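**Student:** First to last, the protein sequences are chains A and B.
Note that our numbering has the first sequence beginning at 1, numbered continuously upward.
Note that our numbering has the second sequence beginning at 1, numbered continuously upward.
Think of the hints as simulated: they come from the structure by calculation, not from any bench.
Given the structure is predicted, the values throughout are model-derived calculations rather than measurements.
Wrong hints could be hidden among the right ones.
What the hints assert, rightly or not - Which chain A residues face chain B? A few, computed with CB under 8 Å, are given here: (1) Ile2; (2) Glu3; (3) Gly22; (4) Val24; (5) Asn25; (6) Val27; (7) Asp28; (8) Asp30; (9) Lys33; (10) Tyr35; (11) Trp37; (12) Met39; (13) Asp41; (14) Arg53.
Said to hold, decoys possible - Short derived list, chain A residues pointing at chain B, Cβ under 7 Å: (15) Lys12; (16) Leu31; (17) Val34.
Where a beta carbon is used, it is the ideal one built from N, C-alpha and C, also for glycine.
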Amino acid sequence: MIEPVYEVFARKTRGEPLRHIGFVNAVDGDLAKVYAWKMYDEQNWGEMCVIPRDAIIPVNPEESQFVTMMGRDAEQALVHSKGTGSYGGAEMAGGAK
Amino acid sequence: MSDTATESRVEKAAELPDDARAALRSLILALADSKRVLGLRYSDRMLGAPTLEAGIAASSMAQDEWGHARLTYALLGDFGDDPKALEHERPAAEYRTHPALDAGFGSWADFIACILLVDTSLVTQYGALVESRYTPAHNRVQKMLDEERFHFQYAAGWVRRMAAVPEVRGELAASLARYLPQALQWLGDDEGPAIRRLVDEGLVSAGPSDLRARFLSRVVPVLADAGLADELGLARRDGGEWSIAQPLSFDGWSEETRRSGGSLDEETAARARGDKNRALLMD
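Produce the entire structure from the sequences given, and follow the hints as far as they go.
**Tutor:** Structure, rendered in structure tokens:
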């Protein structure tokens, strides 16, 4: 199973622009929220949001960091290939424990 | 909490009657010890998690639990205890840990089931301290509960995911079935005199049965959503509150330790105490 990418946005104070601070892989939005909150905890964020990368519609795709020239499926295949690893998914897939 | 109790906030444990003070101390120590060992067990899952994100979150949750343990031990300074001695100098037999934490996690399923059930049983008991008229407990608990929301979401997400994977669903169900009665029992015996004193004095806002109902109202929707409620013997009583078919027995159960005998093993206690780095402990 391939986990979708969720982009993480946050701001420290009200009125401050929402900033893109990174991304997480997660099976659903609920886990994406937890992972984002726990991974990007180096700042005392006032607000944090996660957005499925699929939901982002780039206005100028050639300049967007949310799409690659490879296309989404090819990018996912690369990120989740054995060499680059998604940290041993075999345990969950019923493989070696 | 009643208006009368609200009007008479207690700032110092010394203001409490002896029996109520002893009961509150026992509860706080059981919470602190359980948080300490829960964090230790979580830390064992920082590596070897199914995904990098899950491992990082496990690490963060372990730190949360150690922070909660330290805050909770610190409360006991007001009861005449030395919090540092409680943290670093007790033998295993004096720990009052949740019995579900005696054994380490054998699998990822154990870890997830423990967060959902054991961690939530602790959170539920802490929740009864939010409205305590003992002000120091009241003041410290809310921040912990805010952090715990993420632990619950983590567990809920992983229960949903694992229940949908045939290869691990049975293992998850077995882990949940093992922890569920322990989590429910840990919330206490309604007939216990110490618990009755805590409720009567307004030091906790609810007794064991009410806490069990609160606990089930939180965890069962997650289990039902994953299609696991029936096989765990959970059903709605007259279409209302959730209950478990298996009756709880409090024979031999101690209100003071919240256990039916046994204790943490010495090896785990040595880790909880930080024996390996004792020479480096700072004041």
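**Student:** Hints first: check each against the structure and report whether it holds.
**Tutor:** Going down the list of hints, with the structure as the test:
1. Ile2: 11 Å, violated
2. Glu3: 7 Å, holds
3. Gly22: Gly22 (chain A) check fails; min Cβ-Cβ to chain B is 11 Å, beyond 8 Å.
4. Val24: With Cβ-Cβ at 5 Å, under 8 Å, it holds.
5. Asn25: Hint on Asn25 (chain A): holds, closest Cβ of chain B at ~6 Å, below 8 Å.
6. Val27: 5 Å, holds
7. Asp28: 6 Å, holds
8. Asp30: 5 Å, holds
9. Lys33: 6 Å, holds
10. Tyr35: Given a least distance of 4 Å, the restraint on Tyr35 (chain A) holds.
11. Trp37: 6 Å, holds
12. Met39: 5 Å, holds
13. Asp41: 7 Å, holds
14. Arg53: Status violated, d = 15 Å.
15. Lys12: Hint violated; Lys12 (chain A) Cβ to chain B Cβ min 18 Å, cut 7 Å.
16. Leu31: Hint on Leu31 (chain A): holds, closest Cβ of chain B at ~4 Å, below 7 Å.
17. Val34: 5 Å, holds
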